[in-house]
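Taking the hints into account, I'd like the entire structure generated from these sequences.
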Amino acid sequence: DTAVSQTPKYLVTQMGNDKSIKCEQNLGHDTMYWYKQDSKKFLKIMFSYNNKELIINETVPNRFSPKSPDKAHLNLHINSLELGDSAVYFCASSQGVQKISYNSPLHFGNGTRLTVT
Amino acid sequence: AQTVTQSQPEMSVQEAETVTLSCTYDTSESDYYLFWYKQPPSRQMILVIRQEAYKQQNATENRFSVNFQKAAKSFSLKISDSQLGDAAMYFCAYRPRPTTGTASKLTFGTGTRLQVTL
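Protein chains in written order, with this note's numbering: chain A, 1 to 117; chain B, 1001 to 1118.
The set of hints was computed from the structure by calculation and includes no laboratory data. Keep in mind the model is a prediction, meaning the values are calculated, not measured. Careful, some of the hints might be misleading.
[Stated by the list, open to error] To spell it out: a stretch of chain B is covered by chain A in this simulated footprint if at least three of its residues, at any positions, have a beta carbon under 8 Å from a beta carbon of chain A; those stretches are: (1) 1038-1044; (2) 1104-1117.
[Said to hold, decoys possible] Here are the simulated SDA-like pairs of lysine to any residue, each with C-alpha atoms no more than 25 Å apart in a straight line: (3) 9/A - 1047/B; (4) 44/A - 1087/B; (5) 40/A - 1085/B; (6) 1105/B - 69/A; (7) 40/A - 1117/B; (8) 19/A - 1042/B; (9) 71/A - 1107/B; (10) 36/A - 1054/B; (11) 22/A - 1040/B; (12) 52/A - 1105/B; (13) 1078/B - 105/A; (14) 41/A - 1005/B; (15) 44/A - 1041/B; (16) 1105/B - 86/A; (17) 9/A - 71/A; (18) 36/A - 1005/B; (19) 36/A - 1113/B; (20) 1105/B - 15/A; (21) 1105/B - 57/A; (22) 40/A - 1043/B; (23) 40/A - 1086/B; (24) 1105/B - 95/A; (25) 40/A - 1105/B; (26) 1078/B - 1024/B; (27) 22/A - 41/A; (28) 1105/B - 26/A; (29) 52/A - 13/A; (30) 44/A - 1084/B; (31) 1105/B - 107/A; (32) 40/A - 1087/B; (33) 1073/B - 1054/B; (34) 1073/B - 104/A; (35) 67/A - 1107/B; (36) 1055/B - 107/A; (37) 1078/B - 42/A; (38) 41/A - 1084/B; (39) 41/A - 1012/B; (40) 9/A - 1086/B.
Positions of the beta carbon are idealized from the N, C-alpha and C atoms, including for glycine.
Right, dumping it as structure tokens:
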């Protein structure tokens, strides 16, 4: 009965590799997000999709590419991984009748700890 | 740019006591939502409480309550009768009402680590 699920939970890889993190939500929400939490626990939004459409695209390297095949899934692909990409990546979802859903709380997945060596 | 400030990197409280975590934010908007999230060692982000800016009444959820001072742009979290399970990182977050055709972001503070002692 998991609401927002991410896989994998842990990901250890070498510099230069390409990796993907998958996210699925079964809450029926229409908006999904990717957040990055750095080593100091600071959480920063990376991307947001509403009904498969990109609505927030923060200043992140273009090595990061989100993909939303449908409104229940939002995957994150990272090319040419660098040491600085090591962090915990959180997927989240929220509900909004329209694109804008500022009053709906975000429901988070349990995070993916990415370690780049 | 909207910013959220949590000036207490760490706090400690004894079991059964009350603790208040502070949060201030900077915005020129009048309509927005404020949230407190809890992140225990399990890493999960859990919504604790939320407050609508146009509601003067402070939100309450069981042992958790807020002191929302809109003019001062302050949004503190009070935890009463603290329990060992309350030990976690607590994040304050702000989200404005977006303008037409745009999306709004949930912006987090830097967090306060709460320790609960016996």
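Now for the hints, and whether the structure bears them out:
no.	hint	result
1	1038-1044	holds (count 4)
2	1104-1117	holds (count 7)
3	9/A - 1047/B	21 Å, holds
4	44/A - 1087/B	23 Å, holds
5	40/A - 1085/B	22 Å, holds
6	1105/B - 69/A	22 Å, holds
7	40/A - 1117/B	23 Å, holds
8	19/A - 1042/B	24 Å, holds
9	71/A - 1107/B	23 Å, holds
10	36/A - 1054/B	30 Å, violated
11	22/A - 1040/B	23 Å, holds
12	52/A - 1105/B	17 Å, holds
13	1078/B - 105/A	20 Å, holds
14	41/A - 1005/B	14 Å, holds
15	44/A - 1041/B	19 Å, holds
16	1105/B - 86/A	23 Å, holds
17	9/A - 71/A	22 Å, holds
18	36/A - 1005/B	18 Å, holds
19	36/A - 1113/B	19 Å, holds
20	1105/B - 15/A	31 Å, violated
21	1105/B - 57/A	10 Å, holds
22	40/A - 1043/B	13 Å, holds
23	40/A - 1086/B	20 Å, holds
24	1105/B - 95/A	14 Å, holds
25	40/A - 1105/B	20 Å, holds
26	1078/B - 1024/B	14 Å, holds
27	22/A - 41/A	22 Å, holds
28	1105/B - 26/A	22 Å, holds
29	52/A - 13/A	29 Å, violated
30	44/A - 1084/B	28 Å, violated
31	1105/B - 107/A	14 Å, holds
32	40/A - 1087/B	18 Å, holds
33	1073/B - 1054/B	13 Å, holds
34	1073/B - 104/A	21 Å, holds
35	67/A - 1107/B	23 Å, holds
36	1055/B - 107/A	23 Å, holds
37	1078/B - 42/A	22 Å, holds
38	41/A - 1084/B	21 Å, holds
39	41/A - 1012/B	18 Å, holds
40	9/A - 1086/B	24 Å, holds
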